[in-house]
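Sequences listed follow chains P and C, in order. Take the first sequence: its position 102, counting from 1, is numbered 102 in the numbering used here, and each next residue is one higher. Take the second sequence: its position 108, counting from 1, is numbered 108 in the numbering used here, and each next residue is one higher.
Hints listed in this document are in silico derivations from the structure and should not be mistaken for laboratory results. Mixed in with the good hints, there may be bad ones.
The list that follows gives simulated cross-link-like pairs (lysine to any residue, SDA-like), each with its CA atoms no further than 25 Å apart [stated by the list, open to error]:
| hint | chain 1 | residue 1 | chain 2 | residue 2 |
| --- | --- | --- | --- | --- |
| 1 | P | Lys-41 | C | Glu-5 |
| 2 | P | Lys-36 | C | Glu-5 |
| 3 | P | Lys-40 | C | Gly-40 |
| 4 | C | Lys-56 | P | Leu-97 |
| 5 | P | Lys-22 | C | Arg-36 |
| 6 | P | Lys-41 | C | Val-110 |
| 7 | P | Lys-41 | C | Leu-109 |
| 8 | P | Lys-41 | C | Asn-52 |
| 9 | P | Lys-41 | C | Lys-70 |
| 10 | P | Lys-41 | C | Ile-49 |
| 11 | P | Lys-41 | C | Lys-26 |
| 12 | P | Lys-38 | C | Tyr-98 |
| 13 | P | Lys-38 | C | Val-44 |
| 14 | P | Lys-41 | C | Leu-75 |
| 15 | P | Lys-40 | C | Ser-71 |
| 16 | C | Lys-70 | C | Asn-18 |
| 17 | P | Lys-40 | C | Arg-54 |
| 18 | P | Lys-41 | C | Leu-48 |
| 19 | P | Lys-38 | C | Asn-22 |
If you're wondering where the values come from, they're calculated on a predicted model, not measured in any experiment.
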Amino acid sequence: DTEVTQTPKHLVMGMTNKKSLKCEQHMGHRAMYWYKQKAKKPPELMFVYSYEKLSINESVPSRFSPECPNSSLLNLHLHALQPEDSALYLCASSQKLGQSYEQYFGPGTRLTVT
Amino acid sequence: SQQGEEDPQALSIQEGENATMNCSYKTSINNLQWYRQNSGRGLVHLILIRSNEREKHSGRLRVTLDTSKKSSSLLITASRAADTASYFCATDASGSSYKLIFGSGTRLLVRP
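Pulled out of the complex, with its shape left as it was, chain P reads as follows (with noise of 0.2 Å):
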């Protein structure tokens, strides 16, 4: 199995909802990702998971608060978003951390923040 999964597909939300986004693979993978990419764009990282361990924050705002309850799963809970957060939310995971290892990507998450 090497797929990254996540759910939903679709996310329309406004800007006093709470959401999350889920992540799961099962490529015993120790690594995991929260990417943010915008029409055009290429991806930007937003978090890093290390064996379960937020390893690097790239100065996310705290209205997007990442989780990683065990090594095959990783959430991303939304909460009061603005308008400029509506992007494709991309969930990654590759075999540890680092450079050399082949990242591998879910088919992403379309957020709408009305």
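Once you have looked at the hints, place chain C on chain P.
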């Protein structure tokens, strides 16, 4: 700041032709990766080339790396309509051993 810049930004070719995309970067790297993204979907890893390698092949893909010029190229031979996608190079961020920085990407359209 972006580590990798790609050109062209967009490329349109006929099926069967070859497509070449270029990536330039600013600081020394340990390795460089290429990814493909179909419209609105996740990225797919294509190939990784290490700084001590000059060329690498995978099927119809050929990647070159010139560390003296801080540049890499991705060649897709005998292109197919299914190759239509955005292609990104990704390099290690300066001063970081674990962060990838993606280039601006090349949008490739292969016309049937």
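Each hint tested on the structure:
no., hint, result
1, Lys-41/P with Glu-5/C, "holds (12 Å)"
2, Lys-36/P with Glu-5/C, "holds (19 Å)"
3, Lys-40/P with Gly-40/C, "holds (10 Å)"
4, Lys-56/C with Leu-97/P, "holds (24 Å)"
5, Lys-22/P with Arg-36/C, "holds (23 Å)"
6, Lys-41/P with Val-110/C, "holds (20 Å)"
7, Lys-41/P with Leu-109/C, "holds (17 Å)"
8, Lys-41/P with Asn-52/C, "violated (29 Å)"
9, Lys-41/P with Lys-70/C, "holds (22 Å)"
10, Lys-41/P with Ile-49/C, "holds (23 Å)"
11, Lys-41/P with Lys-26/C, "holds (19 Å)"
12, Lys-38/P with Tyr-98/C, "holds (23 Å)"
13, Lys-38/P with Val-44/C, "holds (18 Å)"
14, Lys-41/P with Leu-75/C, "holds (22 Å)"
15, Lys-40/P with Ser-71/C, "holds (22 Å)"
16, Lys-70/C with Asn-18/C, "holds (23 Å)"
17, Lys-40/P with Arg-54/C, "violated (30 Å)"
18, Lys-41/P with Leu-48/C, "holds (21 Å)"
19, Lys-38/P with Asn-22/C, "holds (22 Å)"
The structure fails to meet hints 8, 17 from the earlier list, while all remaining hints are met.
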